[in-house]
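**Student:** With these hints in hand, go ahead and build the complete structure from the sequences.
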Amino acid sequence: MKPTTVFSALAAFLAGVHAQSVEAPIPGYGVQDFSWEVETTPGGDKVVLNGTIQEVYNELLKINPHYDGDFAEYAAKNELARRDNLASSLNKRNDVKCNNYQQAIRRRIEEGIRYLHSVPGQPTNGPGPGNCGRVSCSYNSAIWWCNDNTSPKTLPGFYNIAQGAQVVINQCDPTGVYVSGEENHADKWRAVVRYNVC
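Residues -19 to -1, 1 to 179 (mature numbering (1 follows the signal peptide of the UniProt record, and there is no 0)) make up the sequence shown, in order.
Derived by calculation from the structure, the hints in this document are not laboratory data. Be aware that one or more of the hints could be misleading.
Derived Cβ-Cβ restraints for the label pairs, each shown as a range [to be verified]: (1) Gly111 to Glu91: 26 to 32 Å; (2) Glu4 to Ala53: 33 to 39 Å; (3) Ala53 to Asp26: 16 to 22 Å; (4) Asn151 to His47: 34 to 40 Å; (5) Ser132 to Asp76: 19 to 25 Å; (6) Lys27 to Thr135: 31 to 37 Å; (7) Gly50 to Asp76: 37 to 43 Å; (8) Lys169 to Val28: 29 to 35 Å; (9) Asn75 to His47: 36 to 42 Å; (10) Tyr120 to His47: 25 to 31 Å; (11) Gln83 to Pro108: 24 to 30 Å; (12) Asn80 to Glu4: 15 to 21 Å.
All C-beta atoms in this analysis are idealised placements derived from N, C-alpha and C, irrespective of residue type, glycine included.
**Tutor:** Rendered as structure tokens:
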């Protein structure tokens, strides 16, 4: 089922190792838990939830079973904006490495990409180098965002991470069942697509 969730919040990476023993996507890198500040109803109270976007979405549905309906109009507007931006933003390429990790299920990565496109706000990842956060994971198929800067890194939007994962799919195996790889950016951050237990 295509998620239509929308989060009206900024998100930030928190210091500390993920409570579950999540293996870093790159040997020698650290793992930080991802925290999301999200509205439970349009214009309503905000809560801070931890985990991947899928885990946060499931928690939001427990808090507000009508979450999807409450945010449907915003989701539709965001989807149109995403489509407008997608074609132009994927023309610019960075360094892409393919098949350098255990393979993830391509379809599950595409679902994570759709989720990430629905999240407004600017993600911030704590200082590195070698600092990673798992932003999406389902059926052992994960999207990671890693910061190799010595200071925190803020991106214009979650769509940047989603687009990085899409570039990996497009350049590494756009029609296959499985895919893995990373897109490395000149400003020292990367999107990683790979197998990860979840």
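**Student:** Each of the hints needs a verdict: does it hold here or not?
**Tutor:** Here is how each hint holds up against the structure:
| no. | hint | verdict |
| --- | --- | --- |
| 1 | Gly111 to Glu91: 26 to 32 Å | holds, 27 Å |
| 2 | Glu4 to Ala53: 33 to 39 Å | holds, 37 Å |
| 3 | Ala53 to Asp26: 16 to 22 Å | holds, 19 Å |
| 4 | Asn151 to His47: 34 to 40 Å | holds, 36 Å |
| 5 | Ser132 to Asp76: 19 to 25 Å | holds, 21 Å |
| 6 | Lys27 to Thr135: 31 to 37 Å | violated, 19 Å |
| 7 | Gly50 to Asp76: 37 to 43 Å | holds, 42 Å |
| 8 | Lys169 to Val28: 29 to 35 Å | holds, 32 Å |
| 9 | Asn75 to His47: 36 to 42 Å | holds, 40 Å |
| 10 | Tyr120 to His47: 25 to 31 Å | holds, 27 Å |
| 11 | Gln83 to Pro108: 24 to 30 Å | holds, 27 Å |
| 12 | Asn80 to Glu4: 15 to 21 Å | holds, 19 Å |
The structure does not agree with numbered hint 6 stated previously, though it agrees with all others.
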